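So the chains spell out like this:
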Amino acid sequence: MTQFIQLLWSGILNGLLYAMIGLSLVLIFKTARILNFAAGTMAGFTGWFAWWWATKGGVPFLLAILVAIVMVAVATLLIERLTIRPLINENFLSIVTITLGLEILIANLSIRFFGGRAESLRIPGDIQFKNFEIGGVRFNWWHIVILISTFIILAIVGYIVNRTELGLAMRAFAEDKDAARLMGIKESTVSQWTWTLSVTVGGLAGILFAPVLFLQQDYMNIPFIKGFVAAILGGFTSLSGGVLGGLLLGELEALAVKYAPRQAAAALPVLIVFFILLVRPRGLFTRAKAHERV
Amino acid sequence: MRKNALKLLALLAVFSFIAVGCGDDDDSGSASSSEESSSSEEASSSEESSSSEEAAAAEPACELGPGVSDTEIKLGSSLPLTGNLAALGVQAEFALNATIKRINDGGGIAGRTLSLTVQDDEFNPEKTVANAQYFIDQVGVFGVWGSIGSAPTVAAIPLHDEAGVMTLFTWSQDTSLFDRAAHPYFFSLNPSGYKQAVAFSNYFGNKYDYGSETPVVAGLVLSSPDGEEAAQGVRDGAAGAFEGGTQTWERDAATYQPQLLAMKDAGVTDVYTVVGDTQFAQIIQEMDQVGLEARVWGTNAVVTSNLIDLVGELAEGALAVTVMTGLSADVPGLVQFREEMAAVGASEGDLSSASMLAYAGGLVLEQGLRDVGDCLNADALTAALLALEDFSTGGIMAPINFDPDTGLGNQGAIIQEVVNGAWTTVDEG
Numbered sequence: 112m113t114q115f116i117q118l119l120w121s122g123i124l125n126g127l128l129y130a131m132i133g134l135s136l137v138l139i140f141k142t143a144r145i146l147n148f149a150a151g152t153m154a155g156f157t158g159w160f161a162w163w164w165a166t167k168g169g170v171p172f173l174l175a176i177l178v179a180i181v182m183v184a185v186a187t188l189l190i191e192r193l194t195i196r197p198l199i200n201e202n203f204l205s206i207v208t209i210t211l212g213l214e215i216l217i218a219n220l221s222i223r224f225f226g227g228r229a230e231s232l233r234i235p236g237d238i239q240f241k242n243f244e245i246g247g248v249r250f251n252w253w254h255i256v257i258l259i260s261t262f263i264i265l266a267i268v269g270y271i272v273n274r275t276e277l278g279l280a281m282r283a284f285a286e287d288k289d290a291a292r293l294m295g296i297k298e299s300t301v302s303q304w305t306w307t308l309s310v311t312v313g314g315l316a317g318i319l320f321a322p323v324l325f326l327q328q329d330y331m332n333i334p335f336i337k338g339f340v341a342a343i344l345g346g347f348t349s350l351s352g353g354v355l356g357g358l359l360l361g362e363l364e365a366l367a368v369k370y371a372p373r374q375a376a377a378a379l380p381v382l383i384v385f386f387i388l389l390v391r392p393r394g395l396f397t398r399a400k401a402h403e404r405v
Numbered sequence: 002m003r004k005n006a007l008k009l010l011a012l013l014a015v016f017s018f019i020a021v022g023c024g025d026d027d028d029s030g031s032a033s034s035s036e037e038s039s040s041s042e043e044a045s046s047s048e049e050s051s052s053s054e055e056a057a058a059a060e061p062a063c064e065l066g067p068g069v070s071d072t073e074i075k076l077g078s079s080l081p082l083t084g085n086l087a088a089l090g091v092q093a094e095f096a097l098n099a100t101i102k103r104i105n106d107g108g109g110i111a112g113r114t115l116s117l118t119v120q121d122d123e124f125n126p127e128k129t130v131a132n133a134q135y136f137i138d139q140v141g142v143f144g145v146w147g148s149i150g151s152a153p154t155v156a157a158i159p160l161h162d163e164a165g166v167m168t169l170f171t172w173s174q175d176t177s178l179f180d181r182a183a184h185p186y187f188f189s190l191n192p193s194g195y196k197q198a199v200a201f202s203n204y205f206g207n208k209y210d211y212g213s214e215t216p217v218v219a220g221l222v223l224s225s226p227d228g229e230e231a232a233q234g235v236r237d238g239a240a241g242a243f244e245g246g247t248q249t250w251e252r253d254a255a256t257y258q259p260q261l262l263a264m265k266d267a268g269v270t271d272v273y274t275v276v277g278d279t280q281f282a283q284i285i286q287e288m289d290q291v292g293l294e295a296r297v298w299g300t301n302a303v304v305t306s307n308l309i310d311l312v313g314e315l316a317e318g319a320l321a322v323t324v325m326t327g328l329s330a331d332v333p334g335l336v337q338f339r340e341e342m343a344a345v346g347a348s349e350g351d352l353s354s355a356s357m358l359a360y361a362g363g364l365v366l367e368q369g370l371r372d373v374g375d376c377l378n379a380d381a382l383t384a385a386l387l388a389l390e391d392f393s394t395g396g397i398m399a400p401i402n403f404d405p406d407t408g409l410g411n412q413g414a415i416i417q418e419v420v421n422g423a424w425t426t427v428d429e430g
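Taken in sequence, the protein lines are chains L and U. When you line the first sequence up against my numbering, it's residues 112 to 405, in that order. When you line the second sequence up against my numbering, it's residues 2 to 430, in that order.
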């Protein structure tokens, strides 16, 4: 039983990573119908930035994270203004091409500034190396921090989307762009803050998981792909769907290694996702009405 | 219609003239030297002239290989200078440049200096192929040297073979490469993944003191033909008697925890992996997180100071089965290696398996080129390399003897362990 719980915990941890990236993707797609292919690279760049401030910059750890997030958020505002907003009424492919180009640019800037060697984002007290046991199940202190932080982040995003004027504007644009414009909601404002919020969520994922995955040049690329699958599983217009899709995918992967034949363990989660989408093409957590809007 | 046909014929004629003219220029090695010798012979006596003519008739004319002229030997290297393995590529490039500098500063070989063109392939086989095309068509190289990665090398070697270009001392372990019938100009100092696994297995089963408890050995390998070969190597060696199963991971895996938990369930005491140093670090960290108390074994790629920087004390006791000695070994080859790397701007962090392997390859290449002398082509260098007996790399590797069937020069296995925060040779194998 303890081994099973240990396995579930392993799945939850990965699921949280996919969930945050999935959330980051859904935030932009839900509001602006844009697929941000640079999400993983931007998340990774934020992690590297935090490392740089904490090591080369000599800044205390928490301040390094704050500085990295703020700088990346400001950079996102600039990127959105200069590259995305001019194309906001263009076709889908134009904007996707821009995000692909951003991905390549940011990846190469990252190599240029931070080098090709893997680094470790050391947490104060080295808590990423400290474990404890409850009932025979082993937990890592940094993983607990990830769990708590993720829930706080999700709660904040949920509050912003559901309880603030900005969130109301975002939901209005997601529901009906034309009506939202007619109501006087400025599309540029919604776009820039949606992008900033999305990249901030991704950046926090990049920082939280840097001690787990180690800072390598493309360490957030695979989580981006998994987050993308999570978002599709959730329905791509449901914020909670993106999160739950990520958790589901993480658990499927962990359980498949244990219970599926070795040759099928990798394919099994993909097959399950495939069958889910076959039965519910709009995703697990998207209502029919929202699907029609898409 | 007739006018167009005439224009086409004229164009073809022009291109033919150009091709013939260029062909004459490309045969410059033998053609120009024979022209020079014939002009100098005009001034000599008739007796000398007739005897040299007889000698020339007796000896076959030397056909220099591509990329070889009277003054230069051109080499190429396709390395991952950006991307995931950029650190390895940069480190290897330092070693290649150190070799070039040493040879050229010493006056070259047979009057020729070495030149090296390095191209980035981002560890992407498609780019490696494009680089191979560039080396062959644009640069005109004699050999491609020191490339990194099995997939890139496997992708590019057919082009090298077709062009008669040597593929030298790559860091790749795909078994298909180690077949000189298929790849007559391929030489390596790094064994295939299968051979490395057999070396680990035989060492573990025959020499290693694993204690009084019966060990359980498991492979943690990539879900691929390479990975399966490594797993089979463990089974085929002496440790096969203790084999406790194999766990595989996918290229898109973000964690190894499920596999490590399965090993914990199975009571595994020794984990054999074929991964890079960052993945090795992650495996060590996750073994600690899931409570798998087992020894972990890696290969050449994990013997880096970066591993210890990443996981600190957790790396203590990690083991590796390598073909090179540890950086802390007191051998003359390493002293020279450090000096020459520093001379080309490398830092302490650039002294790694990647750079040591490339450097050792450079030592062997230099000896082979010196043994060939003037008449350098792929067949001559091949014969020279195969003729090497117990070639010394100053203690960096076991003495080099190339297997004529596989092209592998290093048959040994050196065991290293992280002791007090540094990789240390614990058994010469």
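Take these hints with a grain of salt, some might be off.
Subject to a maximum C-alpha distance of 25 Å in a straight line, what follows is the list of computed DSS-like cross-link-like pairs (lysine-lysine) [what the hints assert, rightly or not]: (1) K265/U to K369/L; (2) K75/U to K241/L; (3) K208/U to K128/U.
Taking CB as the label site, the calculated pair distances span [unchecked claim]: (4) L211/L to Y135/U: 21 to 29 Å; (5) D391/U to I116/L: 52 to 60 Å; (6) A371/L to A152/U: 24 to 32 Å; (7) R292/L to G313/U: 50 to 58 Å; (8) V332/U to R223/L: 30 to 38 Å; (9) E251/U to G247/L: 22 to 30 Å; (10) A131/U to F243/L: 47 to 55 Å; (11) D253/U to L258/L: 18 to 26 Å.
Residues on chain L that point at chain U, a partial pick, calculated with CB under 8 Å [as the list claims (entries may be wrong)]: (12) Q114; (13) T194; (14) L198; (15) I199; (16) I222; (17) S231; (18) G236; (19) I238; (20) R373; (21) L379.
Rather than coming from a laboratory, the hints here were simulated on the basis of the structure. This one's a predicted model, so the numbers in the text were calculated from it and none came from an experiment. Glycine included, each C-beta is placed from N, C-alpha and C at the ideal position.
Review point. Tell me, which hint numbers fail for this structure?
Key: As far as the earlier hints go, 2, 3, 13, 14, 15, 18, 19 and 21 are violated by this structure, in ascending order.
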